[in-house]
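Peer 1: Sequences listed follow chains S and G, in order. Numbered per the working numbering, the first sequence finishes at 829, counting up by one with no gaps. Numbered per the working numbering, the second sequence finishes at 346, counting up by one with no gaps.
Source of the hints: derived by calculation from the structure; they are not laboratory data. It is possible that some hints are incorrect.
Derived EDC-like pairs: lysine to aspartate or glutamate, alpha-carbon spacing no greater than 16 Å straight-line [as the list claims (entries may be wrong)]: (1) G:Lys275 with G:Glu222; (2) S:Lys637 with G:Asp43; (3) S:Lys637 with G:Glu71; (4) G:Lys302 with S:Glu811; (5) S:Lys776 with S:Glu527; (6) S:Lys637 with G:Asp42.
Short derived list, chain S residues pointing at chain G, Cβ under 7 Å [what the hints assert, rightly or not]: (7) Lys598; (8) Gln601; (9) Thr622; (10) Gly629; (11) Leu636; (12) Thr659; (13) Tyr696; (14) Phe798; (15) Asp804; (16) Pro806.
Since this is a predicted model, take the numbers as computed values, not measurements. The beta-carbon is built from N, C-alpha and C at its ideal position, and this holds for glycine as well.
Okay, here's what each chain looks like letter by letter:
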Amino acid sequence: MEEVPSAARRTPPGPGGADRTPGADAIPGTGEPLPLLRVLGPDGGTMRPISGEPAARRELFVAMLRARLVEERLRRLSREAWIGFVPTTFGEEAALVASVDALGDDAWIFPSPRDRGALLARGIGFEPLADQLFGNADDPQKGRQMPGVLGSRGHRIACPSAPGGTQLTHATGFAWAGKLKGAEGPVGALFGPGEATSSDFHTALNFAAVHRVPVVFVGRSVPGAEGGDGGGLARRGIAYGVSALRADGGDALAVQQVVGEAGERARAGHGPTLVELVVERLGDAALDGPADPLTRLRVHLGREGLLDDAQERELREGIKAELQSALESAAQKAAPPLASLFDDVQADRPNHLREQLAGLEAQGEDGRGRGRG
Amino acid sequence: MPEMNLVQAIHDALAHEMRRDDDVVVLGEDVGKVGGVFRVTAGLYDEFGERRVIDTPLAEGGIVGTAIGMALYGLRPVPEIQFADFIYPAFDQLVSEAAKMRYRSGGEYTVPMVVRTPFGGGIKGGLYHSQSPEALFIHTPGLKVVCPSNPYDAKGLLLSAIRDEDPVLFFEPKRVYRAVKMDVPAGDYTVPLSEAKVVREGRDVTVVAWGAMLFEALDAAERVAGNDGVSAEVIDLRTLWPLDADTVVESVRKTGRLVVVHEAPRTCGFGAELVSTVTEKAFLHLEAPPARVTGWDTPFPYALENEYLPLASRIAPALVETARY
Chain S
457 MEEVPSAARR TPPGPGGADR TPGADAIPGT GEPLPLLRVL GPDGGTMRPI SGEPAARREL
517 FVAMLRARLV EERLRRLSRE AWIGFVPTTF GEEAALVASV DALGDDAWIF PSPRDRGALL
577 ARGIGFEPLA DQLFGNADDP QKGRQMPGVL GSRGHRIACP SAPGGTQLTH ATGFAWAGKL
637 KGAEGPVGAL FGPGEATSSD FHTALNFAAV HRVPVVFVGR SVPGAEGGDG GGLARRGIAY
697 GVSALRADGG DALAVQQVVG EAGERARAGH GPTLVELVVE RLGDAALDGP ADPLTRLRVH
757 LGREGLLDDA QERELREGIK AELQSALESA AQKAAPPLAS LFDDVQADRP NHLREQLAGL
817 EAQGEDGRGR GRG
Chain G
22 MPEMNLVQAI HDALAHEMRR DDDVVVLGED VGKVGGVFRV TAGLYDEFGE RRVIDTPLAE
82 GGIVGTAIGM ALYGLRPVPE IQFADFIYPA FDQLVSEAAK MRYRSGGEYT VPMVVRTPFG
142 GGIKGGLYHS QSPEALFIHT PGLKVVCPSN PYDAKGLLLS AIRDEDPVLF FEPKRVYRAV
202 KMDVPAGDYT VPLSEAKVVR EGRDVTVVAW GAMLFEALDA AERVAGNDGV SAEVIDLRTL
262 WPLDADTVVE SVRKTGRLVV VHEAPRTCGF GAELVSTVTE KAFLHLEAPP ARVTGWDTPF
322 PYALENEYLP LASRIAPALV ETARY
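The whole structure should be built from the sequences, with the hints applied where relevant.
Peer 2: This is how it looks when you write it as structure tokens:
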């Protein structure tokens, strides 16, 4: 069994509750609690030493804020039927943004469909995002996927899909290929509690452990989540022979530390790590309250003199204006051309698709369908 | 020119391409140290090492899923599914991921992967070592489906498949593995995908087949030529999807009659699609209802295997009946 890393030792166990399996947070066989790393204290001070540039922590907050504001806007757009259905999530901004940040810009990321925070962490512009939401002719994915489900090769983020957990084996294979080619990695795989129960979780961890693949599995666990956390996440990594780390997923600096450490392990050739980030999914009443990961980092930045209220207001207004501009522009663009429906099934357009397109075009304008609502 | 059987031809294609292209890797259960349960990958581990000839855990979803990841990176993985009957745990990765990656990403991400798998019956394999699941994959947009019948085509098609930019299912008829030997060039050559081949010319009825049943179709054609005066034209599809419909339709325009032969169960087998396509494109040329000689709509049996398979003894009467309709 791998030695418990120093960064995670000597911290109190994580949030518990009657709905968790007894011993869920314990190392199998010993009953010893798996440490849960926390860095940010409730008063904004830090509970343990932090490294890195202060400016970088401010930038981290900005990225998390962008992720939050995008998510809020998506929910409104979806509810008001400007765009199709988008499942949104609040409270995971630190878990997503700080993870991707900690792995470094060279790391390829394999997210699940809701992990838009990864794209914002990498600095995706609002224009391609907005184009994708409306599925217009400028959508980099050519209007193929539901709103908000996108990757970006230019940002080293894989293209996600709805079947849960499939990205975990892709990440393992991708990191494995890198290892074969002498690249250091790591590769990051992001997933939520439901996906931790998938068959791909099992095969990905098994394959990664057996073949010592430089992949960092970053899983969010939600206390009491349906199908999820009842059995504990990090402890399952130990069972697979994978290093396991736990952190408070609402604490951006703790997330950075554990994921950064896991990334270093991968680079040093020590193989895969399973990182469990315990998060709380926030209802509207909890947003901007003490449990909100943005609030926790914001209080810290304020205390360190890195961000004040006026600056934060300006940031928010600026991001909202930028987003609004991108959305207005995207909403007015045309849908993708009809012929594009038949592109990218394979590299070229085979005969049967040429015939199908010809048949559709022969129907003329009436066959075009109503297009976007 | 060397003579090779199907196992040797496929092996030769893999070795050739792995020497030519460092990015080609082979992975699957028992492919490395054991050299494959049919010996197809024998010797590759010694030549290319454990980094490029990988023994995986027993999890088809993991084999295909990690291969997809490798393909996304830029490698050319050739994962093996030990028997097509065990492909189903990989079905999600094949259908939801490999098939749709290029489309859903607007072309940003692609999966140049070949999944090799022995398929078909005739080796006393019973329910789980004899299946022909090709229709499931033909029905999935984004996948190519290839099925060589003979060693020459197998090497050429496999090289084409590995060099193709899209995911390919490569079904190898295990009944033929050691049964047929023929001249196979030692060097580099390809057989293009999506090109069917007329392997026997005829006037009275078009027979379309693939895999091991191609030989049964040829056998039946010989019988009816001698016994019944029926001249059958036999087409080996070689690539099931995308289909070379033109070759089949051109033949039926000549003969006016079609018989399709496949081991897979009758209902919703690929024969149904072929009949439908030919009827659409050559309706006025048809002189008889198109016929299908297929496996029955049952799981694949052990003891009554030869009664299940659409062998020459069942194909021949169908040829005569269709020709004389």
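Peer 1: Take the hints in turn and mark each one as holding or not.
Peer 2: Cross-check of the supplied hints:
1. G:Lys275 with G:Glu222: Measuring from Cα to Cα gives roughly 11 Å; hence the hint holds.
2. S:Lys637 with G:Asp43: The given pair, whose Cα atoms are some 10 Å apart, holds under the 16 Å limit.
3. S:Lys637 with G:Glu71: Cα-Cα ~13 Å, so holds.
4. G:Lys302 with S:Glu811: 12 Å, holds
5. S:Lys776 with S:Glu527: 12 Å, holds
6. S:Lys637 with G:Asp42: 13 Å, holds
7. Lys598: 4 Å, holds
8. Gln601: 5 Å, holds
9. Thr622: 5 Å, holds
10. Gly629: 2 Å, holds
11. Leu636: Since chain G brings a Cβ to about 5 Å from leucine 636 of chain S, closer than 7 Å, the hint holds.
12. Thr659: 3 Å, holds
13. Tyr696: With a closest approach of 11 Å, the tyrosine 696 of chain S hint is violated.
14. Phe798: With a minimum Cβ separation of about 10 Å from chain G (threshold 7 Å), the hint on phenylalanine 798 of chain S is violated.
15. Asp804: At 9 Å from the nearest chain G Cβ, aspartate 804 of chain S fails the 7 Å test, so the hint is violated.
16. Pro806: 4 Å, holds
Comparing the model with each numbered hint stated earlier shows that hints 13, 14 and 15 do not hold.
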